[in-house]
Each structure stands twice: as C-alpha cells, then as structure tokens.
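Starting from the given sequences, assemble the full structure and let the hints guide the process.
Residue numbers (our numbering), protein chains in the order written: chain F, 1 to 469; chain S, 1 to 436.
By construction, these hints were calculated from the structure, which means they are not laboratory data. Check before you lean on any hint, since a few could be wrong.
Negatives, chain F to chain S, calculated, CB over 12 Å [to be verified]:
| hint | residue |
| --- | --- |
| 1 | E10 |
| 2 | D32 |
| 3 | E41 |
| 4 | D100 |
| 5 | S133 |
| 6 | E167 |
| 7 | Q181 |
| 8 | L194 |
| 9 | V292 |
| 10 | G434 |
| 11 | N448 |
| 12 | T463 |
Straight line, CA to CA, 25 Å or less: simulated PhoX-like cross-link-like pairs of lysine-lysine [unchecked claim]:
| hint | chain 1 | residue 1 | chain 2 | residue 2 |
| --- | --- | --- | --- | --- |
| 13 | F | K331 | S | K89 |
| 14 | F | K123 | S | K384 |
| 15 | S | K12 | F | K385 |
| 16 | F | K94 | S | K351 |
| 17 | S | K58 | F | K385 |
| 18 | F | K96 | S | K384 |
| 19 | S | K372 | F | K14 |
| 20 | S | K351 | F | K123 |
| 21 | F | K316 | S | K333 |
| 22 | S | K339 | F | K316 |
| 23 | S | K384 | S | K416 |
| 24 | S | K70 | F | K16 |
| 25 | S | K70 | S | K12 |
| 26 | S | K58 | F | K3 |
| 27 | F | K264 | S | K89 |
| 28 | F | K155 | F | K285 |
| 29 | F | K123 | S | K12 |
| 30 | F | K333 | S | K386 |
| 31 | F | K17 | S | K58 |
| 32 | S | K339 | F | K317 |
| 33 | S | K372 | F | K17 |
| 34 | F | K316 | S | K351 |
| 35 | F | K17 | F | K96 |
| 36 | F | K385 | S | K89 |
| 37 | F | K11 | F | K92 |
| 38 | F | K92 | S | K333 |
| 39 | F | K118 | S | K384 |
| 40 | F | K331 | S | K281 |
Source: prediction; values computed, not measured. C-beta atoms are modelled at their ideal positions from N, C-alpha and C, and glycine is treated no differently.
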Amino acid sequence: MNKQWQIELEKIIKDKKRLLSNPADLLSYGFDGSFGQYQPERVVQPINREEVADIMKLANTFGVPVYPRGQATCLSGGPLPVRGGIVLDTCKMKDKLTIDSENLTATVSPGVITSKIKEAAEKEGFFYPPDPSSAHVSTIGGNVAENSGGPRGLKYGVTGNYVLGLEVVTPQGEIIRTGGQTIKNVTGYNLTQLLVGSEGTLGVITEVTLRLIPKPKSRVSLLVVFDDLVASGKAISGILSSGIMPSAMEIIDQHCINAVERHKPAGYPVDAAAILLIELDGHPKAIEEEMVEADRICREIGAREVQTASDEEDQKKLWEARKLVSPAIAKIKPTKISEDATVPRSKIPEMFERLSEIREKYNVELVVFGHAGDGNLHPNILTDKRDQEEMKRVEMAVSEIFESAIEVGGTLSGEHGIGTMKAPFMEKELGKIGLEMMRRVKEAWDPNDVMNPGKIFPQDGQTKLVLTE
Amino acid sequence: MSTQSLKELQEKIGYSYTFDCVQCGYCLPACPTYETMGKETHSPRGRINLVKMAAEGKLDLSDLRDPIEKCLGCQACVTACPTNTQYGKILEGAKEVLNEESTLPFPKKKVQDFIFNRVFPSSKWMDTIGHFTWAYQKTGLQKFARKTGLSNFAPLNLAKFEQVLPNQVSPKVRSSRKGFYPAVGKAKASVAFFKGCIMDSTFYSTNQNTISLLNHAGADVYIPDEQTCCGALHAHSGEGDSAKVLAKRNIEQFEKYDVDYVVNNAGGCGAQLVEYDHLLKNDEQWRERAISFVRKSKDISSVLFELGGLPSLVEKQEVVTYQPSCHLTHVQKVTEAPKLLAKSAPGVTFKEMDDEQKCCGSAGIYNIVNYKEAMEILDVKMAKVKPTHAATIITTNPGCLLQMKMGIQREGLEEKVRAVHLVDFLFERLPAQNSI
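So, in structure tokens, the structure goes:
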C-alpha cells in the first residue's frame, strides 16, 4: 500500500519516468563515493524550481526526509538517504549555463557538470578556478552544497569564494534568492555563504550565480623530488613565505607515488620520500622569475631534483598523474576511507609525523597526499570492509586522525564536508556552544527536520566513528 | 536465499570484482545508457552496485534483469575507470546467472538455442542466409515486400535492418573462394584469416576485400575452412558454455597453420577472440593453447599498420569521419591504427566527431532486442556526426556499420552521407582496383 505522501507525490511528478520506485532504482540512489548503502522510498528527478518547491511543501507537511543529490561523487555521505524518504536528484536541471561577459559572471542550473562551466567560461576568455578532481562528473549544485575545493584552493580559494548569489527552495517549499550579481554585497546576513557548504541541510539549490575572473595568461608546472618528507613540508612554507603564490601546490608521499606507478606509470620517482607538484600562473614574465626562485628555494631546502614543464602537453601529463593518486591507491585494498583533515600550513610536518604514528599504532594502510599549499591533507586508509577486525582498527585510526587535526589547530574537513562520517567529532572542533549555534540555525530554517536529516550534526550519544555492522 | 546458495551465486556473478569499484562516478560521463536514460540504475557504477546487492541477497535477481539487459556492453566505462574495475567480467557473470535462472517460454528458448548453437556455428547455415538474402534482393521479392509493406511484419523491427543490408554476392561467387591467397610481391608475413559468421554471410565482399588488402600489404593469407563463430554473441547472452566450445574449435583449427597473425575484421569478434585466454583460464588443457592463439589475434587495421600500411593508394577527395567499434576501442584497445590508415589515403580530410568513442547503440544484437533504447543512443550519435559534414562514416565492425546506415536513413541523409567498413574504404583506393 502506498503511503499518502507517495500518492500525493505522483500528483506533483506526473512523468512516471522521473518518479522512481522499483527496488533496483531505489538501491541505485542509496550510495555515494563514501561509505554506506541506504534505501530511499522514492527517487524524484525534478526539472524545475516549481517542482522542487512542491516536493518540499509535501515533504514538510508529511514530515518526509528529502535528500538532495547531484552525481553522488560526494566523499562524506552528503546525499545518503540515511532515514529513507525521498532522494531528490537534481541532475535533470541543467538547462541554464549563461556567461555574462560584461559582468564576468555565470548563471547556471544546479545539475550542470562543473567542467562545462569552466569550458564555457574559457571560450569567453574567462576562468572559473575551483577544480575538484571530480569536476568532469560532479554537478555545480553539489559543489556549492559541499563547498568543494581542489588543488587551486591555495591561490584561488574554494567554490564558495565564487558564489555571488543563489536561488534556493527552502525546506518549507518557498523559493528565495540570496546575494545577487555584484562582487560587493553586504546587505544583511550573508545567507549565500551560509548556504554554501551547508550540505543540503538548509535548502535545495535551484540556481547559482558564479563569479568569473580573467584567464591567467600563462602557466608552468614544477615537479620537485625529495628524499625526506619533512624537508618537503619545509619547502612548502619556504616558497609561500618568499612571496610566491602558486596556483597549486600538491604533495604526494612515497606510498602514493608507488601506487600510481603500479597503477599507470607516470614516470614519478618511486624511491622518493615525497614529491611536490607546483603550478604557477599569471603574467609570463612574472612566472618566469617565480619559477627560478621556486627552483632555488626547493634545492636549498634539500630537493633532489626539480623538473619544469611549460608546454601544455607536459603539464597535462604531470597533473593527470596527480588525479590518478586517489584511484590508484584504491588498488591497495578494496575499501577506501578518504579523509580531508586540514591543518595550518606550519603544522604540516607535525601532522605528517602524527599520521605515520597512527599508521604504526593501528597497523593500517594509511597513505597521504593532498593540497599541501593550503594545509588540506588527504590521509586515506585502505582496508577491506569484509574484514571486521581490521575495520575496528580503522575506526580507531580515523578517529585519531580527526582528533590530531583538531589538536594541531586544524579542521575536520577542508573540502569534502562533514556528512555522516565526521558528525561525531563536530563538538570537539566547535565546542558545545559553537555546535549548538549551528543547530539553532538548522532548527530555524527547518523546524520539521526534513532537509537532509542525519548529516553534519551528531545523533544523541554519537561520539565515535562506526564503520562496522 | 540460503547462505550456501548465496555463496554459489557470489562465485558465479563476479561478486569479488565489485569491490574494485570505489563508486567515484568517473564512469558516468562515458556511459551511453546513462546519458540517454538518465538514471543511476543504468550507469556502470549503478549496475555494479546492483550486482553486489543481488549477490548479497538484498535485491532479487529478477530486479537485476532490466539494468543488466539494457547495458550495451560497450565497455567505455572500463576505459574511463580509474581503478581498472573489470566491468566486463561483472556484466558477463550477471548475464550468465540471469540466463541460468531465466524462465524463457519453451519455444523462445528453443529458437534461441537453435540460432546460437546451430546457425551461428555453421558456415553452411551462414552461407544459406547469404544465399537467401541474395535471392531475396535479386528476385524482386525485396522490392515487392517493401512496396507492399510486407517487410514491416517481420518481428523485432527486422524490417528496418533488412533495408540497410549490403547487396549480396551470388552463391556461385561464394563457392569459388580458395583456401590460400598469396601476397602481392614478396611476402613479408603470413596470416590466417578469421572470417566470422555474420561477416562472411552478409558482408562477403568485405571479407574478400580484406584478403586483397592483406595481399597488397605483403601478407600470404590462409583461410582455415573448419573455423566457426567466435562466440561473442553467446558470451554476451550468458551462454558461456557454448562460447567455450566454439573457442576450442577455433583454436584447434588455427593451430594447424604456422602463421604470424590471426586476422579478423570485426571489432566485436576480435574482442571475443582476444579474450579466449580469459574464457578458458580454468581449463588446464586449453589455457596455454588459448594464450598463444590470443597472442596472434589482431584486428585488420593493426596488422596492416604493422606491415607498413598500404603503398600507393589512389587519390580521391573525400571528407570522412570515424565511428570506432566499442569492442575494438575498449576491449582490444586499438584506437589509432584505423584512423592513421584512413588518414594515409591521399585526398582524405579526416574530421573527428565529438565523443567518437561513445557507442552507436548497435552492440551485438542490442539494437534488435532493445530497439527503442538503441535508437535513442543512435540519435545522440548522429547529432555528433552531422557537424563534421563528412560524406563518409568509416566503421570497423558489421554491427556498427548497419547501425550507422540506419542512422543515416533516420536522418534522411542517404543522398549526402554513406557508411562504409574501413576495409571497403581502403579497397576502393587500391591501385589494382582502380586500373580495372
């Protein structure tokens, strides 16, 4: 027997193809790139804001949870329907992608794939800098909801730094606009930035206005090889304190280098303790000087080798290999727990030491890579979820990673979001009252708790990570 | 389901392979059915998850059927996958399991058995089909059938395919084929030709042209006459055992010839041939023999390329584009040779279409059993073909060739565009051909 809300839902989404209820469809919308499999009761694929508004009104009336979802590349469990209800797939809302050349903005529907925005901007000579590794798959709606980052965060910031305005359907089904088209905008509370990174718990994004910038004229990349992990950490701060601002600065440790080379050889040195990948962009004359300077600094600190790539093809090759790190390490063991604990840049060497202690202490396959320039590390633990005994050790190791990051003055998440996995640790970072203020915001927006419930906030008594069944 | 039978199911369905998928979603943009159907259920990541769920007893096999049957098996996801997940093996496992528990009505099952186990493996049957088609085309029956709309009564939209079949050669020509064709000039290599079943029945002249091209490139060509169907359609329909029987017969026949290459000219068949080692990996007696067979098996384009290409092709001005066969691209990993050969022909302007590596919707018998879905995929493909303004679409597989011909017809482009097998395209430019 269909529940009343399910009958009502059929009146909103009349096209049967966009209202899914068979078992295979429901299971297909119960996972993302993180951990866990759930089952929603319905999946809807709205095509416009009005349908979204009607769905939210219905959900709010009947108290049915709604889980917004893009392409589900999320690594923190953002779209997981942990309490059943409705998965609201925004992928079919992709009709709008307009570049405003005079104002340097882009206005897009939430289901537009992020790389398409970048391509459209480049055609007009502009640059949309945020570049999560999943940009060719993930939607802009998801990127905004999770405040996604990527290697270029160092110089250009994350998705949130480019969102000027939003159109959002509230949990009660009202359509609102926040922010606008202007670079400067200080009218009242900054709801735009509150919604960015709110992981779908405050509303459904139905349109985004993004800021574009002029395209940098030129770009070079450096591959710097180190025999000592700590020295590579020092090189990062050495370069930044010299006044150079690379557009990206990535660190890859030996375990990851080896994984990449085993997976799809890119010519990385397998005996190196770590490598730094540095990208400089800007005026050709300026980056030419910066390149020489960065080379000198790295060598002084103890780099074994510095390779430079200035033509498009060579650079592409260097960075493609970086993109392979995440998948390559997945070959070590089948289950991949990908974290993004972020620490102050000066604490990178200390965090590295702590991570290697955790690796030893719990005897787990822990590898590290990440956006070192902004302190955003990706400690990854490779395990097998069928091995319950090992999973217990992994649980403890992951908890200790989070605790370590907070202890050195860092944060639980640099770009993946909190989702389901990091909720238990929120109080540790924010304090009781800090978390309470966030909870009050959530309650004010969504008194019936229908908007992506079960995310960000810990459940009562939930203080540790649980990965085992 | 009991623990024991669940374990058995996991073994058969390729459950352990599903753990290689990290659900990153990088396969989504590569998948043609995800593009046209717009559901995770019809994406590679979704299908792998569903196979896993079925293997864990969380989804009924009957609910798995539609997502699996709607997959083209083009394996574009395998190329896109950063963790090298063996989707093809998961798909095959799922198909076998579904086939075993299938409750096809008796007559339908009988017909399927007959086609798979009697018709395809028999060159007599395939010749008969060729003869029949020839007669149908020559006697005016075709014209009559089309005019009266009689052909529309054929089941499974076969009428639509009938219209794009190439003209057949007469039984007399067919029976005059020899077993050996010597190289033009000094022989650089020797090859044994895998003629294929459908290729040899309905694309007989493409096969003859293949032999000519090989001769011109400097190869002695042998045609083992006891060879049989490659088994691709069997394997893709979950008839693994039949596929093994056919594989063994082919290996046995080709072992009789001491040649440098076993050449095929159909992307789909070739993909099956190069997986004989995987197919027979658990067979002590056959494993090694399969490995050496696979080592020699190559697509015609690779072989021509390795032999140094075709010298002195005749110049003809033509704008062409290339629709690669999925099985050639994603299974055999042959991507450049066909393009380089086409480009090497004087006067050719080569225009790459967007998303060229995406399936055209042919996929074995997919376009026959899933006609509507296949046509949606084809329409997406044709939208990519048109902007190239090519007069010729080159393909490397009979299925793709027919499908592209249908695409041309659907778009009403018959006057402006043609689809042609790479072999025939090159053959038209052979100097000998042009001197006649």
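- Message: Going through the numbered hints above, which ones does this structure break? Give me the numbers in ascending order.
- Response: 2, 5, 16, 29, 30 and 38
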